[in-house]
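Each residue of the sequence shown is one higher than the one before, starting from 839 at the first, in our numbering.
Calculated from the structure, these hints are not laboratory results.
Here the structure is a predicted model, which is why all the values come from computation and not from measurement.
Where is the CB? At the ideal position from N, CA and C, for every residue including glycine.
Treat the hints with care, as some may be off.
Think about it this way: if two alpha-carbon atoms lie no more than 20 Å apart in a straight line, the pair counts; the simulated EDC-like pairs of lysine to aspartate or glutamate are [said to hold, decoys possible]: (1) K945 x D927; (2) K912 x D895; (3) K945 x E1141; (4) K912 x D1072; (5) K945 x E871.
Ranges of calculated distance between the beta carbons of each label pair, as one might list FRET restraints [as the list claims (entries may be wrong)]: (6) R841 x R1106: 15 to 23 Å; (7) D1044 x P1118: 30 to 38 Å; (8) D1002 x D895: 43 to 51 Å.
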Amino acid sequence: MTRFPGYPFASRWFAHPARAGLRQHYVDEGAGEPLLFLHGNPSWSYLWRRPILALRDRFRCVAPDHIGMGLSDKPAAGDYLHTLASRVDDLDALTSHLIADRGAPDKGWTLVMHDWGGPIGMAWACRHPGRVARLVVLNTAAFPNPHGERARLPLRLPLWLLGDTALGARLILRHNLFARGATWRPLGVRRRMPALVREAFLAPYDRPEHRVAIQHFIQDIPLRPRDPAWPILDGMGRELHRFADRPALIGWGLRDPVFDPAMLACWRRHLPRARTHVYPRAGHYVLEDAHEQLVPAIGDFLEGNG
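Turn these sequences into a full structure, and let the hints steer you where they fit.
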């Protein structure tokens, strides 16, 4: 049995020259058209184990761990800018390396995105629209919260508490509350995770210094125009129409407490031709709750839109 059940993949590493050699871990399995799997907070490439296993015989499956997350290096707060802009730059550097040095094609990429993977992936796509062939969207956003002002008060308080207070630092850094909560019912999943799977999701965040990126992801969530990541999020929201002609699949867990039906409706307006699969009993980690239906649906979509 591997260290992480269902994740029998070789580890690969990219040393970022502009990041003092910080190593980014990624999975690169199979051959064919490239699929770029982008996770969010507080998960890592382990989230993608099932679709990679199902698709690597037909596609090249690339799944990075963002710096500070998963098996990538975990710099201290002062050694790396844990911002959306940095994440997009990191993805740009990694994909450029894969194209220049690892035989990946310049075009024909499919983005598969969850949670923060949506803003990171779509910001990268806005830089390189000609590279993107298809989109797979799973409980994420790439536009300002459609609830507008109504979303700010109920979200601002818990985000401030977790991201900017001493109590929040203790809960996240000392007790790993955010990552643990994401593996619990009903916060992140609606069906109980097997113990070994839950341990695998939590394994990279085994001590406080390995949880810095989790906290900074929370601090970087943009709700208002003065938030640092807002211009990127707002800008990509204005640019999503450029991808309306791309084949797209939306897979959505309706029991997600954050990425709710209003966000799903927003995606459907931006991508009116998208094939949509809704899972009423699935939560935020839709690939954990509904993988029996969702993974084959992704495969069918990719085969039908080559």
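- Hint numbers contradicted by this structure: Hints 2, 4 and 6 are the ones this structure does not satisfy, whereas the remaining hints hold.
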